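Number of protein chains: 2
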Amino acid sequence: MKEADVVVVGGSAAGTVAGITVKRHYRDASALVIRREDKAMYATAIPYIFGTIGTPDNNIIPDSLLADSGVELMIDEAASVDRVSRTVTTKGGEVVGYERLILAVGSTPVHPPVPGTELHNVFPLWKESGLLERAQHVLGRAKDIVIIGGDVVGTELADECKKMGDVNVTIVETLPHCLALALDEEFCRLAEDRLEQRGVKVITGDGVRAIVGNGGVNGVELQNGGRLSADVVIVESRGAPNTDLAKDMDIKIGGARGVWVDEYMRTSDPTVFACGDCAEKFSFFTGEPSTLRSASIATYEARIAGANVFDLKRKNRGVVGVLAIAFGDFAVAQAGLTEKMAREVGFDVALGEASALDRYPDSMPGAKEVKTKLIFDGRTRKILGGQLCGGVAIAEMANILAAMIQNEMTADEVATFQMGTHPCLTASPMSYQIVNAAEQALTSMQ
Amino acid sequence: MKEADVVVVGGSAAGTVAGITVKRHYRDASALVIRREDKAMYATAIPYIFGTIGTPDNNIIPDSLLADSGVELMIDEAASVDRVSRTVTTKGGEVVGYERLILAVGSTPVHPPVPGTELHNVFPLWKESGLLERAQHVLGRAKDIVIIGGDVVGTELADECKKMGDVNVTIVETLPHCLALALDEEFCRLAEDRLEQRGVKVITGDGVRAIVGNGGVNGVELQNGGRLSADVVIVESRGAPNTDLAKDMDIKIGGARGVWVDEYMRTSDPTVFACGDCAEKFSFFTGEPSTLRSASIATYEARIAGANVFDLKRKNRGVVGVLAIAFGDFAVAQAGLTEKMAREVGFDVALGEASALDRYPDSMPGAKEVKTKLIFDGRTRKILGGQLCGGVAIAEMANILAAMIQNEMTADEVATFQMGTHPCLTASPMSYQIVNAAEQALTSMQ
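The listed protein sequences derive, respectively, from chains A and B.
The first sequence begins at 1 in our numbering and counts up by one.
The second sequence begins at 1001 in our numbering and counts up by one.
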């Protein structure tokens, strides 16, 4: 029987980082990752396969990340786990013993219940190499592409499709705005404006009643009565926690339908940990169950689970949520709560806004306006979230906000943040957006 | 007699932000900035006048920053202050009454004592419009440029001179490396390598004994015996706190030769505040006097002084120091202490390093390697500093480090930082440099 001190089931972002983290913290322990896929894919880079990076084979998480850390990789699928004998049995027939098990089995795709998804040239977008290759082949020859769903993947894919050539691309989003789950309305509008400038048609507040065609797709019927021609339809997928194995193992499932974990990322069996999309999450701000999922959150949890396998070193503080979306050299990003979310959960919201170019003086070539909105708790004055739109540095600016949020900085502390600036790389020290937005928020808190 | 509730003497970065901050925090108070220069210049953008933005007139801090905030601007120079009658008398003969005075008079240039600076076509580099116009005129026709001093301004200017055309540019730096006051040796070397790739000749560990010529400069003699041809010589300036007015006012001068201030930025006269280059500084890390000066530090202090004029709202926590340097699309940046500084002041240093591309997957076009080094206090595990080199987003990454330092995050907290990532904008969540460098540092702290 094969044995490893720590066996990780799943080899995407969470599983890979969990394995690496085990070896960092317990050098003498052996770690084995069991991964179903021959090649693991970066889920978040999937939209970029089509216009920018060329093929699914260019979107592979290098196995060297594991090998360089001394983590063994087994390409196989866990079929069952015996928690008494502490063994995993794989579909390939291997039996692997463990001291500690980490479940990092990710999520499974969920699609809106639209009739017609069985038609030829209708593709759900999911990290499956064969599917993506077929989609790419067809998209490359399409004239009319309809994308059902205008969240992150749908909007980024739309922009990528425009890069492939002279093609009509339409997003259909049932919510009042694209990206409405991630951003406040004014930032959604900025993103939609940019998509439209780049030639994408955006339909919001309307859904697809049916995908229609005769064998092959030829259009979609909208709920509000319109009809769009389409020779390819892409359906944006959402993920739901993959809990099949956990249920078979009879470990606890949480209220948000993920594998239940405690603050150390232990499941109801303390020798079994879980992290990533399959694991239950809670909000950093409210402690309530959260359905936020991302590769970044997955690796955060993996760094906790991996460090805790033999010694409880780290606690999960809950999901903050940090996100960036790019269309060419334009990007929107957010960290923490939006204004809408903050109001929904009952915070007494105070807002601050500031805009400035991301270089200085104004004559510096290539400067882009960066618009910033910060959300504070008016009672405690702590920063709850922020949104940015502008050029390519705003993803790291959102990470500045993330650091401020995780440290529960007050508006006064943000307003007296000691940042560095540079004429070619940032706003001027007089106009630094995050600081000035905090100063502006303070005027409404006095 | 003219009167304002708050009079600010000086209208560069510190004075401008001090005036704006007064109006933000005390809407009903009147604020007046007395500025000597007809137009105020961004000091840090001076190197970019020559190759990128064209003329000193393109490097102007807009007066609208003051006007839009309701701050009055007077172009004049404060000649004397009577602290008993609370009046400023200007060189133009105006007498201005104040309730609170803020000194933001900046620094004055100091040059190395090299013989020959009186020769024609030898220029100290300082924010003085006429001087910069003359230098630009001459630099545009130069064949052999020698820059004495390889700190931030000297290195950036060298790179800009290469952009002006086919010209030989040589930096002469007495320290063992360019930028040696700001960065650890390995990052200095990366910057020097980049300068050399861009065609700049770098001579370090050698000084200029004399600038030579006959009326006009024709070369420099090196301390180690060499000689360089030069038709233009630029001498990098350093600033020293401008304390003339403060001395005339008989207020206290500090141990680092700046205007002494308490933690609220009050001078020894509690109705007089000081901020920016003229004000005494102390280290965030040690509490000892600090000679760090920058526009960013100046505005940080101005936000404290301005908020405190009528009510002590904010405390100065001392200078962290955050800096970025750019040569085209390559940049180096740092926050807090370097390894060298940390060792010098007696910290038990623990280091962590990580490198990764700033986009993912590896096939993403335009990706640049970002090298990261973090410095921790091995005893308390708190982050003391960090250095980065890579592409244009690293200035904001240095600001993430700045936020972490100001919140005294431990290595474990940095390693479990919840960041956001994006294929076109950041490293992958598995390879995020700051987090992985903290994980690496932890392996030496266990």
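Mixed in with the good hints there might be a few duds.
The list that follows gives simulated cross-link-like pairs (lysine-lysine, DSSO-like), each with its CA atoms no further than 27 angstroms apart [to be verified]:
id, chain 1, residue 1, chain 2, residue 2
1, B, Lys1039, A, Lys368
2, A, Lys313, B, Lys1382
3, B, Lys1023, A, Lys371
4, A, Lys382, A, Lys340
5, A, Lys39, A, Lys23
6, B, Lys1315, B, Lys1382
7, A, Lys39, B, Lys1039
8, A, Lys163, B, Lys1002
9, B, Lys1368, A, Lys382
10, A, Lys368, B, Lys1382
11, A, Lys162, B, Lys1368
12, B, Lys1023, A, Lys382
13, B, Lys1002, B, Lys1039
14, A, Lys371, B, Lys1382
15, B, Lys1371, A, Lys382
16, B, Lys1091, B, Lys1201
17, A, Lys315, B, Lys1315
18, A, Lys368, B, Lys1163
Computed list of chain B residues with no C-beta within reach of chain A, every gap over 12 angstroms [unchecked claim]:
id, residue
19, Lys1143
20, Arg1209
21, Gly1378
22, Ala1402
Now the stretches of chain A that chain B is said to cover, found in silico as 3 or more residues with beta-carbon under 8 angstroms [as the list claims (entries may be wrong)]:
id, segment
23, 37-50
24, 84-97
25, 123-137
26, 179-193
27, 356-370
28, 390-399
Calculated directly from the structure, the hints in this document are not laboratory data.
These numbers come from a predicted model, not from an experiment.
Idealized CB from N, CA, C, for every residue including glycine.
- Message: For Lys1023(B) and Lys371(A), compute the direct alpha-carbon distance and say whether it is at most 27 angstroms.
- Response: holds, 22 angstroms
- Arg1209(B) clear of chain A by more than 12 angstroms, beta carbon to beta carbon? Consistent with the label, Arg1209(B) stays out of reach of chain A, its closest Cβ about 33 angstroms off (over 12 angstroms).
- Query: Can we confirm that no CB of chain A comes within 12 angstroms of the CB of Gly1378(B)?
  - Reply: holds, 17 angstroms
- Given the hinted pair Lys1371(B) and Lys382(A), is their alpha-carbon gap at most 27 angstroms? violated, 32 angstroms
- Query: Hey, Lys315(A) versus Lys1315(B), does the alpha-carbon distance stay inside 27 angstroms?
  - Reply: violated, 32 angstroms
- Message: For Lys368(A) and Lys1382(B), compute the direct alpha-carbon distance and say whether it is at most 27 angstroms.
- Response: Not satisfied, since the Cα-Cα distance of roughly 35 angstroms exceeds 27 angstroms.
- Counting residues of the segment 356-370 of chain A that have a beta-carbon nearer than 8 angstroms to any beta-carbon of chain B, does the count reach 3? Satisfied; 6 residues make the cut.
- Query: Has the segment 390-399 of chain A got at least three residues whose CB is nearer than 8 angstroms to a CB belonging to chain B?
  - Reply: holds (count 8)
- Message: So if I understand the rule, the pair passes when the alpha-carbon distance is 27 angstroms or less; does Lys368(A) with Lys1163(B) pass?
- Response: Holds, at roughly 23 angstroms.
- Query: Taking 12 angstroms as the cut and beta carbons as the points, is Lys1143(B) off the interface with chain A?
  - Reply: holds, 26 angstroms
- Item | 27 angstroms limit on alpha-carbon distance, applied to hinted pair Lys163(A) and Lys1002(B) | Measuring from Cα to Cα gives roughly 62 angstroms; hence the hint is violated.
- Message: A cut-off of 12 angstroms on Cβ-Cβ distance, and Ala1402(B) was said to be off the interface with chain A. Does that hold?
- Response: violated, 6 angstroms
This entry does not satisfy hints 7, 8, 9, 10, 14, 15, 16, 17, 22, 24, 25, 26, going by the numbered hints stated previously.
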